[in-house]
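2 protein chains.
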Amino acid sequence: SLIYEVIVRKSSFLEMEFPKLIDLMDDTVPGIGTYEDFNTIDWVREKSKDRDRHREITNKSKHSTVALLFSISDAFSGWLLMLLIGLMSGALAGGIDIAAHWMTDLKEGVCLNGFWFNHEHCCWASNETTFQERDKCPQWKSWAELMDGVSEVGSEYYTCNHFIIMLCWALLFAFLAVILVRAFAPYACGSGIPEIKTILSGFIIRGYLGKWTLIIKTITLVLAVSSGLSLGKEGPLVHVACCCANILCHFFTKYRRNEAKRREVLSAASAVGVSVAFGAPIGGVLFSLEEVSYYFPLKTLWRSFFAALVAAFTLRYINPFGNSRLVLFYVEFHTPWHLLELIPFVLLGIFGGLWGAFFIHANIAWCRLRKNTRLGHYPVIEVLVVTLLTALLAFPNEYTRMSSSELISELFNDCGLLDSSKLCDYTGNSGSTSGSVNATAANGLGARLAGPKLYTAMWQLALALAFKMFITVATFGMKVPSGLFIPSMAVGAIAGRLLGVGMEQLAVHNHERDIFRGWCSPGADCITPGLYAMVGAAACLGGVTRMTVSLVVIMFELTGGLEYIVPLMAAAMTSKWVADALSRESIYEAHIRLNGYPFLEAKEEFRHKTLATDVMRPRRSDPPLSVLTQSGMTVEEVERLISDTTYSGFPVVISQLSQRLVGFVLRRDLFISLENARRHQDGVVSVSAVLFTECESPASPGAPPAVKLRSILDLSPFTVTVHTSMEIVVDIFRKLGLRQCLVIQNGRLLGIITKKDILKHMAQMANRDPESILFN
Amino acid sequence: SLIYEVIVRKSSFLEMEFPKLIDLMDDTVPGIGTYEDFNTIDWVREKSKDRDRHREITNKSKHSTVALLFSISDAFSGWLLMLLIGLMSGALAGGIDIAAHWMTDLKEGVCLNGFWFNHEHCCWASNETTFQERDKCPQWKSWAELMDGVSEVGSEYYTCNHFIIMLCWALLFAFLAVILVRAFAPYACGSGIPEIKTILSGFIIRGYLGKWTLIIKTITLVLAVSSGLSLGKEGPLVHVACCCANILCHFFTKYRRNEAKRREVLSAASAVGVSVAFGAPIGGVLFSLEEVSYYFPLKTLWRSFFAALVAAFTLRYINPFGNSRLVLFYVEFHTPWHLLELIPFVLLGIFGGLWGAFFIHANIAWCRLRKNTRLGHYPVIEVLVVTLLTALLAFPNEYTRMSSSELISELFNDCGLLDSSKLCDYTGNSGSTSGSVNATAANGLGARLAGPKLYTAMWQLALALAFKMFITVATFGMKVPSGLFIPSMAVGAIAGRLLGVGMEQLAVHNHERDIFRGWCSPGADCITPGLYAMVGAAACLGGVTRMTVSLVVIMFELTGGLEYIVPLMAAAMTSKWVADALSRESIYEAHIRLNGYPFLEAKEEFRHKTLATDVMRPRRSDPPLSVLTQSGMTVEEVERLISDTTYSGFPVVISQLSQRLVGFVLRRDLFISLENARRHQDGVVSVSAVLFTECESPASPGAPPAVKLRSILDLSPFTVTVHTSMEIVVDIFRKLGLRQCLVIQNGRLLGIITKKDILKHMAQMANRDPESILFN
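Protein chains in written order, with full-length UniProt numbering: chain A, 1 to 776; chain B, 1 to 776.
Treat the hints with care, as some may be off.
Each pair may be met inside one copy or between any two copies, as identical chains are not told apart.
Using 27 Å as the maximum straight-line C-alpha spacing, the simulated DSS-like pairs for lysine-lysine come out as follows [said to hold, decoys possible]:
#, residue 1, residue 2
1, 136, 760
2, 603, 62
3, 735, 261
4, 136, 371
5, 708, 735
These are computed hints drawn from the structure, not numbers from a lab.
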């Protein structure tokens with residue numbers, strides 16, 4: 001249908017400028033060399049095509065000035081494209097931030113000065129507010145106040161009204177989000193990272209990165225975030241950036257026509273996505289390298305970095321948070337950590353690993369239930385019920401009522417002296433209500449003894465932890481855009497802060513013991529609970545996504561201090577080990593497997609001692625391999641072979657008897673060429689010979705003209721011997737990006753191995769259902 | 001000889017603990033599966049070996065507790081190794097820093113409190129010094145003072161004496177360095193990075209990373225740096241870290257026995273080297289990934305990062321600079337840069353590119369001259385002459401007299417208000433001697449008008465620039481350890497500072513023009529000349545080494561401000577483009593080519609349209625390929641084939657007539673197996689049959705027993721067809737790390753392509769001498 005159509009068919013501006021050059025490079029028969037939907041690309045062919053193209057341009061550039069200019073513009077088009085992706089993604093991310101902020105506030109109330117102001121801007125613009133109470137100003141009216149001017153703010157009746165209005169807004173937003181996704185772009189749901197990983201590994205999903213997906217995902221992401229569901233916008237931003245990249249690719253012939261080159265650009269775009277999500281360009285590049293990309297040449301590394309920087313600076317220029325900070329959570333710690341603190345950090349790592357493994361297991365079980373039962377038929381109702389549940393459970397607790405990113409910000413925060421937050425209620429603090437002065441306070445350490453508000457906050461946080469853990473499992477995978485970076489980090493940050501405050505109180509109460517001696521000095525903090533929150537967030541995110549270097553670098557870019565890398569690294573390492581010990585897959589890989597995508601994981605090594613002969617088709621009991629002979633077949637015979645079988649390609653041999661391999665021809669190319677010959681070549685009938693040979697054998701007089709198909713024959717198919725161990729075959733498939741490989745023994749063709757065969761074999765070896773691999 | 005012996009032959013502690021397990025994994029015939037010196041390894045075979053080993057350990061671990069423990073210790077040995085490498089390299093780097101500092105000061109004078117104090121520590125320990133004059137204290141006596149107590153410090157006679165003594169020390173240090181290198185470890189000279197790149201790509205140079213190289217390189221590096229030559233210790237630190245890694249590998253069976261696994265560790269070690277050189281762990285990892293490594297799986301990324309961090313923190317613990325800073329040049333800038341400043345930054349990029357291209361060209365020409373003429377026979381004299389020249393030319397100019405890293409530090413430095421350096425002599429400064437107050441000063445901008453001392457400093461810097469540019473060309477490549485990071489950065493920093501001060505004066509003098517309006521505000525700096533120095537340093541380093549991301553990240557880690565990444569990136573990009581337009585190779589690649597190492601560059605794409613048939617041996621005019629048949633050959637015939645040819649391996653075919661391929665056997669394995677059979681197998685004589693078949697053909701009665709060699713036959717050799725384009729072949733060689741590949745047509749074996757053939761072909765295509773590739 002129209003909506004799923006991705007390819008922008010209008011000509012690019014390059015084509016308009018240099019029409020002749022482009023024409024010369026067109027393929028002779030349209031359609032040859034393209035792929036069908038839900039199929040795997042052949043990286044070797046794509047890269048060859050690009051090299052041919054490059055060679056042609058270089059050769060031409062020596063002859064004319066126009067061609068030279070074209071060659072230069074072609075060389076710089078990659079950089080231009082990166083610049084555009086950076087600008088567009090940065091602008092979109094800024095827009096999403098601003099819109100989500102405004103709509104979250106819209107749930108509460110409206111600004112009388114203009115409905116387009118959010119709460120903060122509304123009160124900022126009014127001069128009647130002081131710094132202390134910058135959240136309260138007469139211009140900002142909550143809906144409950146507006147509707148019922150009588151009851152006082154804070155009264156039970158008011159609160160009830162307020163909650164009901166907020167709930168209605170939340171349900172409306174969630175409803176709109178799910179309806180828009182269902183109606184216009186089903187691909188816009190979820191985080192998108194599993195599919196992007198699959199696409200980058202060489203799979204075709206038409207429309208997944210199209211303009212409708214982009215528009216709908218952008219809008220529904222804002223709606224979903226504003227509705228208060230337990231989801232983040234960081235993962236979907238990667239999808240948004242990739243959509244931008246894919247759309248922009250269509251304006252550059254080099255990238256529009258070549259699936260391999262386009263994937264290089266998409267790799268860079270996923271770096272851009274993380275860069276704008278966290279304000280961490282280096283972390284973004286490493287995320288793309290480590291987590292998302294499949295083929296990542298060094299040229300792409302440099303370009304990704306450029307694009308990520310452009311995007312980060314565009315976002316800063318837009319300044320959506322109003323603090324001209326690049327990063328999402330800006331933290332500054334002052335107290336150094338003690339070596340013994342590595343023990344709680346490692347504990348947090350263990351917690352993160354356990355949470356990661358639990359989350360993946362529970363979420364996949366839930367998604368499978370949704371997929372296989374009638375539950376999956378009512379996505380709208382599901383979303384509404386979860387929204388309702390989230391709102392009901394979140395409202396009573398102030399730490400769940402605030403948005404997850406605000407919560408994380410508050411938990412990361414180090415308590416300053418003037419901090420009035422409940423988390424900073426220490427008895428020695430000026431803002432404290434408790435007046436108790438005891439012996440400890442006398443020697444200057446009372447400043448870090450917990451006050452009663454802090455104990456309340458701890459209870460609330462513990463409840464928030466339990467709530468977040470369960471609601472996130474149900475939320476991720478619904479038919480709305482949803483990322484899990486922020487929910488995972490929130491879980492970890494809560495756990496970390498709880499442990500941090502616990503450790504702090506332990507140290508304060510036992511400051512004269514040997515272990516804690518030297519931790520607390522009068523007038524300074526003993527330990528930093530905010531650092532624990534940060535370490536916990538990293539551990540939980542690591543447990544879910546199994547990121548390592550990129551995770552640590554993203555967190556490093558948040559704090560900027562090399563000193564805190566060691567705790568982060570200890571937690572990330574422990575978390576990964578614990579989670580890997582429980583289940584090997586990250587949440588993204590688990591979702592890839594759930595959906596049956598043909599994804600060949602590059603990280604996990606194939607460890608079984610099987611040989612190519614065990615995997616190749618045909619199996620021993622099957623009929624022999626369907627092959628074409630290089631001469632001696634008629635058009636009719638070939639057409640019958642095409643219609644009788646469903647294979648994607650056929651080997652061409654010298655003769656059925658010798659089975660000596662000549663080459664390989666793709667079903668799609670063969671089909672198109674025969675159609676084309678029947679239609680356009682004079683005298684081609686069913687008994688015309690099909691020739692794959694180079695020199696035409698003298699046809700018997702009177703015979704119909706032969707169809708010569710050597711041009712579509714791949715004369716250099718990849719071959720392995722039957723004795724080749726599967727670990728080497730898997731390695732070849734991964735590193736060269738093959739689609740299929742022929743198996744020979746002593747020069748005779750015996751069988752064929754496709755990527756799907758390999759994935760099925762791997763599933764079988766891991767005691768999983770081989771039929772779970774759905775696509776070619 | 002003893003010195004070059006690398007392999008530590010004593011058993012590792014793992015072997016002592018688990019002797020039985022190790023024994024079971026030994027090869028049957030010693031020597032099979034090892035490589036000769038100056039040969040290329042077969043990555044596929046090495047990786048298969050490791051997977052077999054891993055599979056065996058995993059299988060065993062299910063049966064006994066000891067085996068399970070062994071399996072766990074095996075899994076964690078990689079991390080333990082990384083920890084040890086980090087600790088050892090960090091400690092060595094700290095030692096080198098301290099020793100070089102001390103010996104540089106030793107040239108000048110001695111501390112009376114104890115000769116082991118350097119100048120700073122000596123005066124630090126004495127209480128009689130003030131902060132202003134912390135370089136002057138009675139305990140520190142220059143040699144000239146000690147020898148001739150009469151003449152006053154600062155008099156002409158004293159200066160002359162002082163210079164002669166320093167020169168003698170410099171010559172002594174240089175002499176010792178070159179003599180030690182020549183006598184004990186010739187491999188210790190140079191920066192080592194070209195060779196490490198080659199080794200990582202799968203080449204064997206025995207002794208290059210051995211313990212003698214480590215010891216001698218460490219000592220001579222200190223001597224060379226102290227002698228005042230224009231060289232840095234940053235590149236050689238990579239070599240030192242790799243030596244540490246290689247030596248530590250010998251204590252772990254997993255890494256000692258496997259060339260591929262060991263190279264993973266070496267990749268991590270090169271990250272460690274850069275990490276300790278600049279205090280930039282993330283930059284180090286990216287340097288290893290981008291510049292040095294060949295095979296860099298994600299597992300290695302994570303481990304490299306760990307090792308780099310451990311090393312950085314070890315170095316900080318040692319605290320060689322006495323300022324508890326991790327980084328070599330700590331910089332803090334306060335003034336933001338203006339968009340228009342990108343023009344001078346790009347100019348610096350162009351300068352860096354030009355300098356890089358010039359340096360590579362000149363240095364290679366000089367090294368070639370040294371190699372091909374009698375000049376190369378007198379390395380000691382060469383070093384002494386260059387040291388003499390450096391000392392003579394450097395002494396009169398204060399900016400060349402100080403060490404390059406001090407110079408860079410000073411150039412990077414932003415002028416504070418109390419700065420007494422000549423570079424900060426602005427007329428408005430308190431330290432200024434010039435009393436002229438003019439109209440500009442009156443409106444508050446006089447603070448940035450250059451004073452007379454600054455003009456003198458500019459002249460001196462310009463002279464220093466010319467001197468550094470030429471002397472570095474002559475220095476790099478001499479028979480002493482020498483890195484070029486610091487000299488290149490010094491050239492760039494000087495150029496940058498000159499341009500920076502120029503721009504600043506331009507802006508100050510024209511502050512009322514439209515362009516510069518808003519640049520200068522009263523009381524603040526207009527622009528930061530230190531930033532220009534930094535950008536210039538990055539540009540020049542980029543021009544010479546062609547680093548991109550790693551360069552920017554290293555520089556980012558020095559400043560810590562994301563804001564200054566854009567100027568650095570602009571300069572690095574321009575520099576790379578300009579330098580690449582002039583010559584494609586980085587200095588390391590140029591040296592690899594000069595030495596004829598078989599290095600297949602992964603970055604540069606092969607762009608020619610040749611086919612496998614054009615490259616394979618035998619050529620059309622040559623005699624046919626030497627092959628073995630799988631049966632029917634005698635021991636004598638095989639031995640004659642081995643002695644008549646020099647090929648590293650032979651294909652095995654079914655029969656000479658059919659030329660259908662069975663497998664491939666390596667010359668070394670074949671030779672060892674036949675020797676072994678002759679010696680240990682009863683009844684093997686010259687007419688014994690050599691069988692590569694699986695099932696023994698019934699031997700005629702009375703015939704001598706056959707030598708069965710199927711076990712050494714590689715049954716899955718890589719094959720391509722004659723029609724395969726060379727770009728695909730090159731890609732396969734690069735990505736899979738092949739050593740050779742067989743060429744077949746329609747099932748018949750036609751020829752063979754080795755890595756050397758490919759490199760020769762590439763040299764030919766680039767119009768270079770194909771015979772420049774020296775090794776297999």
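Tested hints:
1. In this assembly of identical chains, the alpha carbons of residue 136 and residue 760 never lie at most 27 Å apart, being 61 Å within a copy and 77 Å across copies at closest.
2. In this assembly of identical chains, residue 603 and residue 62 lie within 27 Å of each other by CA distance solely across copies; the values are 24 Å between and 44 Å within a copy.
3. Within a single copy, residue 735 and residue 261 get their C-alpha atoms as close as 16 Å, and across copies as close as 18 Å, so both meet the 27 Å cut-off.
4. Proximity of residue 136 to residue 371 under the C-alpha cut-off of 27 Å is found in neither arrangement, the shortest distances being 47 Å within a copy and 80 Å between copies.
5. Taking the shortest alpha-carbon separations for residue 708 and residue 735, neither the intra-copy value of 33 Å nor the inter-copy value of 35 Å comes in at or below 27 Å.
The structure fails to meet hints 1, 4, 5 from the earlier list, while all remaining hints are met.
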